[in-house]
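**Student:** Residue strings, one per chain:
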Amino acid sequence: MSGPGASSSEMPGFPCSGWADPELDEHLLDTILAGQHLVPDAPVQAHVVAEMLASLVGPAGPGELGGEASARAAFAHAASIAGISPAARRPARRKPSWRAAPIKGRLAGVLVAAMVGLGGTAAAYAGVLPSPIQNLAHHVIGAPASHRASADARDRRQASHRLCLSYERAKTHHDAGALASAAHRLAIVAGNPGKIDAYCAAVVRSAAAAPSAHPAGRHGPHPGKAHGKAKAHGRAKAHGRAKAHGKAKAHGKARAHGKAATLGRQDAGMANGRANQKGRRGR
Amino acid sequence: MLVPAAAGGLRADTGPVIGAAFGTRLAEAQGGDEAAFACLFRDVQPALLRYLRVIAPEAADDVAGETWLQVVAGLAGFAGGEEAFRAWLFTIARHRAIDWGRARGRRRTIPLAESESAHRLAAPDTADLALERISTQAVLALMSALPPDQAEIILLRVVAGLDTSDVARIVGKSPGAVRVAAHRGLRRLAATVDRAGVTP
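From first to last, the protein sequence lines are chains A and B.
Quick note on my numbering: the first sequence kicks off at 10 and runs consecutively.
Quick note on my numbering: the second sequence kicks off at 16 and runs consecutively.
Everything labelled a hint here was simulated from the structure, so no lab data went into it.
Accuracy of the hints is not assured; some may be wrong.
Chain B side only, calculated, beta carbon under 7 Å to chain A, not exhaustive [what the hints assert, rightly or not]:
| no. | residue |
| --- | --- |
| 1 | Ala53 |
| 2 | Phe56 |
| 3 | Leu64 |
| 4 | Gly80 |
| 5 | Trp83 |
| 6 | Thr151 |
| 7 | Val154 |
| 8 | Arg172 |
| 9 | Arg202 |
| 10 | Ala205 |
One side only, chain B facing chain A, incomplete, derived with CB under 7 Å [claimed, not checked]:
| no. | residue |
| --- | --- |
| 11 | Gly47 |
| 12 | Glu49 |
| 13 | Cys54 |
| 14 | Gln60 |
| 15 | Pro61 |
| 16 | Leu84 |
| 17 | Val87 |
| 18 | Val173 |
| 19 | Val195 |
| 20 | Ala197 |
| 21 | His198 |
| 22 | Leu201 |
| 23 | Leu204 |
Below, simulated SDA-like cross-link-like pairs (lysine to any residue); rule was C-alpha separation at most 25 Å, straight line [stated by the list, open to error]:
| no. | chain 1 | residue 1 | chain 2 | residue 2 |
| --- | --- | --- | --- | --- |
| 24 | B | Lys188 | A | Thr40 |
| 25 | A | Lys180 | A | Leu47 |
| 26 | B | Lys188 | A | Lys180 |
| 27 | B | Lys188 | A | Asp34 |
| 28 | B | Lys188 | A | Glu35 |
Note that the structure is predicted; figures quoted are calculated from it, not measured.
Heads up, the beta-carbon is just placed ideally off N, CA and C, and yes, glycines get one too.
Whole structure, please, built from the sequences with the hints as guidance.
**Tutor:** What follows is the structure, given as structure tokens:
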């Protein structure tokens, strides 16, 4: 198969043996960029890339609104200087957070610096990447494999179960769009379209037998997945929910650390920027 | 999950999110209403951080903070709709990220190649992609493995929700060049997925 895709010589970062250019024409790519629905018979790669991009615009995750207090404080301060805000009449209200932020920020900055110093950006990523990503990174470029397999397998089992349920629901309600989408995904997870029914039957059986059993997913009904890894079961209806699982269960500790540092960094950023602003105003 | 938007799109949280109320929120914020400003902040901050995590990975939060301070300082003089607001804000963010890159270049003693190799860590797991379990952070890490101009353009289109002409203005390229770069980036992502075992 040879599409109008990038040639292998354009991809120095990836070893190029054994894969074909996906047939993604410009119209299809524009459709993906615009976030519009793809036709169900578009190449699987197109669906997957579209879903990856969709995951980039999901709801705010933990820490992503952490700078709000500092931003609001900066806003209230600016408004009070301009004399346009009720804050102008009570300027003392914000003072404690103005003083506190740089200290908190410096502390977080030290933590982040220590983390970066110990292992570079790779360590920072290793702490926040979900283990499946680490596992594939291991598969693709030889990065260390994840040791969080069992909690992750549980997530997958639940995700697979949900996907099978929505597949069945789509069949029952004759919802062609939802059916095509679920079938695409299940074909990937199950190995091929002919294995979907058997796969889902096994997933549902497994879910009924072990509703909260520990790493059952690792030995779950996954017929011959590419990497010989546990590819268990489930379906993620909502990105947000699936992500929450991954964070809370598989990476709770690393996330918590990351979040604390991130919040601090945001405050530090505000504080630094604020100092700059003040400097600029002073000039 | 991909949430079908009213216009038939897949995106849940991109583009004009505040929508019709944006003009009112902006006017209130310009009048000093902190709650209205917080509404603007929450609308854009996740997108801003995701963009910065790829283009200024070690300083995303700092650069975001500086961006908001500049936005606060210039808010009273801003006029335009929600897309124009986002375009303005991401223009500021890009400039601050470039400043950060220059400052880092002056300060840095560790070879830059180190962080580049770190960015090549990520690739998505096929089954997770299929199960929609791939997280925002994982995709951002994957985006970091793309050539920087391609990654930035895709992020501005998708995460910031800007159209090709806005992105072209922001990155200083022609709309045609922006479109080509975005296509190349998407094809690379697709090729990664393909290599990971997703074949029809």
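**Student:** All the hints need checking, so say for each whether the structure fits it.
**Tutor:** Results of checking the hints against the structure:
Restraint check, B/Ala53 versus chain A: the minimum CB separation of about 6 Å is within 7 Å; hint holds. A hinted interface residue such as B/Phe56 counts as satisfied when its beta carbon comes closer than 7 Å to some beta carbon of chain A; here the least separation is about 5 Å, so the hint holds. With its C-beta approaching chain A no nearer than about 5 Å, B/Leu64 sits inside the 7 Å limit, and its interface hint holds. About 3 Å separates the beta-carbon of B/Gly80 from the nearest beta-carbon of chain A, less than 7 Å, and the hint is met.
Checking B/Trp83 against chain A: minimum C-beta separation of about 5 Å stays under 7 Å; hint holds. Nearest Cβ of chain A to the Cβ of B/Thr151: about 5 Å, under the 7 Å cut. The hint holds. A cut of 7 Å between beta carbons decides the hint on B/Val154: the least distance to chain A is about 5 Å, and the hint holds. Of the supplied interface hints, the one on B/Arg172 holds, with its beta-carbon coming within about 5 Å of a beta-carbon of chain A, less than 7 Å.
The beta carbon of B/Arg202 comes within 4 Å of a beta carbon in chain A, closer than 7 Å, and the hint placing it at the interface holds. Because the closest C-beta pair between B/Ala205 and chain A is about 4 Å apart, less than 7 Å, the hint holds. Satisfaction of the interface hint for B/Gly47 is found here, the shortest Cβ-Cβ separation to chain A being roughly 3 Å, below the 7 Å cut-off. Taken as an interface hint, B/Glu49 checks out: its beta carbon lies about 6 Å from the nearest beta carbon of chain A, inside 7 Å.
This hint is violated: B/Cys54 has a C-beta 11 Å from the nearest C-beta of chain A, more than the 7 Å allowed. This hint holds: B/Gln60 has a C-beta 6 Å from the nearest C-beta of chain A, less than the 7 Å allowed. With a cut of 7 Å, the hint placing B/Pro61 at the interface with chain A holds, because the nearest CB-to-CB distance is about 4 Å. Checking B/Leu84 against chain A by beta carbon gives a least distance of about 4 Å; that is within 7 Å, so the hint holds.
Interface restraint check for B/Val87: the shortest CB-CB distance to chain A comes to about 5 Å, inside 7 Å, so the restraint holds. The interface hint given for B/Val173 is met, as the beta carbon of that residue sits about 5 Å from the closest beta carbon of chain A, less than 7 Å. With its C-beta approaching chain A no nearer than about 9 Å, B/Val195 sits outside the 7 Å limit, and its interface hint is violated. At its closest, the beta carbon of B/Ala197 sits 6 Å from a beta carbon of chain A; the interface hint therefore holds under the 7 Å criterion.
Interface restraint check for B/His198: the shortest CB-CB distance to chain A comes to about 5 Å, inside 7 Å, so the restraint holds. Hint status for B/Leu201 relative to chain A: holds, with the closest Cβ pair at about 5 Å, below 7 Å. The beta carbon of B/Leu204 is positioned within 7 Å of a beta carbon in chain A (closest approach about 5 Å), and the interface hint is therefore held. Between B/Lys188 and A/Thr40 the alpha-carbon distance is near 21 Å, which keeps this suggested pair within the 25 Å criterion.
Among the hinted pairs, A/Lys180 with A/Leu47 is consistent with the structure: their alpha-carbon atoms are about 20 Å apart, no more than 25 Å. For the proposed pair B/Lys188 and A/Lys180, the alpha carbon gap of about 47 Å is over 25 Å, so the pair is violated. Of the supplied pair hints, the one linking B/Lys188 and A/Asp34 holds, its CA atoms being roughly 22 Å apart against a limit of 25 Å. Annotation: proposed proximity of B/Lys188 to A/Glu35 holds, straight-line Cα distance about 19 Å (limit 25 Å).
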